[in-house]
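**Q** Take a look at the letters that make up each chain.
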Amino acid sequence: MLSMLVLCKLQGSKMEMPLWLAKGLYEKKRRVLSVELPKVYRGGWRTVFGADPTVVDLHKMGPYYYGLGSQMLHFDSPENPEIAQIVLQTFIGRFRRTMDSSQNAYNEDTSALVERLDCLERSLFKAGQSGLNGFQQWEKGRSSHLTASSLVINYRKRKITDLQA
Amino acid sequence: MDAAEVEFLAEKEIVEIIPNFSLDKIYLIGGDLGPFNPGLPVEVPVWLALNLKQRHKCRIIPPEWMDTEKLEEIREQERKLDTFTPIPSPYYMELTKLLLNHAADNIPKADDIRTLVKDIWDTRMAKLRLSADSFISQQEAHAQLDNLTLMEINTTRSFLLNSLNYMYKLRKNLQPTRTHDY
Chain A
1 MLSMLVLCKL QGSKMEMPLW LAKGLYEKKR RVLSVELPKV YRGGWRTVFG
51 ADPTVVDLHK MGPYYYGLGS QMLHFDSPEN PEIAQIVLQT FIGRFRRTMD
101 SSQNAYNEDT SALVERLDCL ERSLFKAGQS GLNGFQQWEK GRSSHLTASS
151 LVINYRKRKI TDLQA
Chain B
1 MDAAEVEFLA EKEIVEIIPN FSLDKIYLIG GDLGPFNPGL PVEVPVWLAL
51 NLKQRHKCRI IPPEWMDTEK LEEIREQERK LDTFTPIPSP YYMELTKLLL
101 NHAADNIPKA DDIRTLVKDI WDTRMAKLRL SADSFISQQE AHAQLDNLTL
151 MEINTTRSFL LNSLNYMYKL RKNLQPTRTH DY
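Sequence lines, in order, name chains A and B. Here the first sequence is numbered in the UniProt record's numbering, starting from 1 and rising by one per residue. Here the second sequence is numbered in the UniProt record's numbering, starting from 1 and rising by one per residue.
Looking at chain A on its own, in the form it has when it is part of the complex (with noise of 0.2 Å):
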């Protein structure tokens, strides 16, 4: 607690702070601190994602660029109606490579493709390639096919097939 103090005293100063403690601090009327927005949803980056939002690396600008957009609305920024809007655009003009991607990709290496993808979208993903992964074993007729667990194949413990043979 004593360290908080501390900190508290240097004002006018710029300094770093977890999202969730400058959520915390932050107020309104007594204007404790003021917050600046990430580069990622200022004014020019915000034309790019207005004119192609397939081409940018999402998960180099910020993993967690849906989210963290989201958080940065609850320090009424003037520019908050945009960066909802355009939050929500991307969103929106992302979905069709999102799903496409996640509903073709059967038993393929996926790593190319959840690259450029932030966490948000990284989830949407494997929501899809789970559907279709169980509707693909499902035609094999592999849904039905009991496997021995991976933890007790390891066991190395003797097996009464080879006591047996």
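To be clear, the hints were calculated from the coordinates, so they are not data collected in a lab. Model, not experiment: these values are computed from the prediction. Beta carbons are placed, not taken as given, at the ideal position from N, Cα and C, and that holds for glycine. Hints are all accurate, no fakes.
Only part of the chain B face toward chain A is listed, based on derived beta-carbon distances under 8 Å: (1) Ala4; (2) Thr155; (3) Met167; (4) Asn173.
Here are the simulated lysine-lysine pairs, DSBU-like style, with alpha carbons at most 30 Å apart: (5) B/Lys127 <-> A/Lys140; (6) B/Lys57 <-> A/Lys140; (7) A/Lys126 <-> B/Lys172; (8) B/Lys70 <-> A/Lys140; (9) B/Lys118 <-> A/Lys140; (10) B/Lys53 <-> A/Lys140; (11) A/Lys140 <-> B/Lys12; (12) B/Lys169 <-> A/Lys28; (13) A/Lys140 <-> B/Lys109; (14) A/Lys39 <-> B/Lys169; (15) A/Lys23 <-> B/Lys169; (16) A/Lys23 <-> B/Lys172; (17) B/Lys70 <-> B/Lys127; (18) A/Lys126 <-> A/Lys39; (19) B/Lys169 <-> A/Lys60; (20) B/Lys70 <-> B/Lys109; (21) A/Lys60 <-> B/Lys172; (22) B/Lys169 <-> A/Lys29; (23) A/Lys28 <-> A/Lys14; (24) B/Lys80 <-> B/Lys70; (25) B/Lys172 <-> A/Lys28; (26) B/Lys118 <-> A/Lys126; (27) B/Lys127 <-> A/Lys126; (28) B/Lys127 <-> B/Lys80; (29) B/Lys172 <-> A/Lys39; (30) A/Lys126 <-> B/Lys169; (31) B/Lys172 <-> A/Lys29; (32) B/Lys109 <-> B/Lys53.
With the hints as your guide, set chain B onto chain A.
**A** Below, chain B without anything else, positioned relative to chain A:
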């Protein structure tokens, strides 16, 4: 829902068989079945038909839609229209797989039928994705798709529902009130 669960539901569909044994009418909880007389066709659910077939006690008659000409017509129809055509059975995918795996000898041109059904499935899934994309990009509140089967819905369910949930949260941000935790 698993694909296996959808298949389980599909096994309730009725199919015709020709038994080679005789048995009086049997009274099951789900309904009455029989009586079974050798050489006479009788209607039974698919689960029973498959079981009897595996024990070599019957011959399965393919449903009337499981015929290359009919399926070709349906495939052409599906490719022409933008909407989903009504298909003869709400469980076409499951029945095709089950009957062709266990009773291929009773079904003429089994391989062609498999290919045709796969083509129909691929076309319908592509249409489903297209309509999901236009649903999202136009930010509609609701959509109506007729003639979809449970298996198709089941394959896209988790992806579509999650995307719509995320989109709803992002859309709530547009409102000028205080945003809640994401």
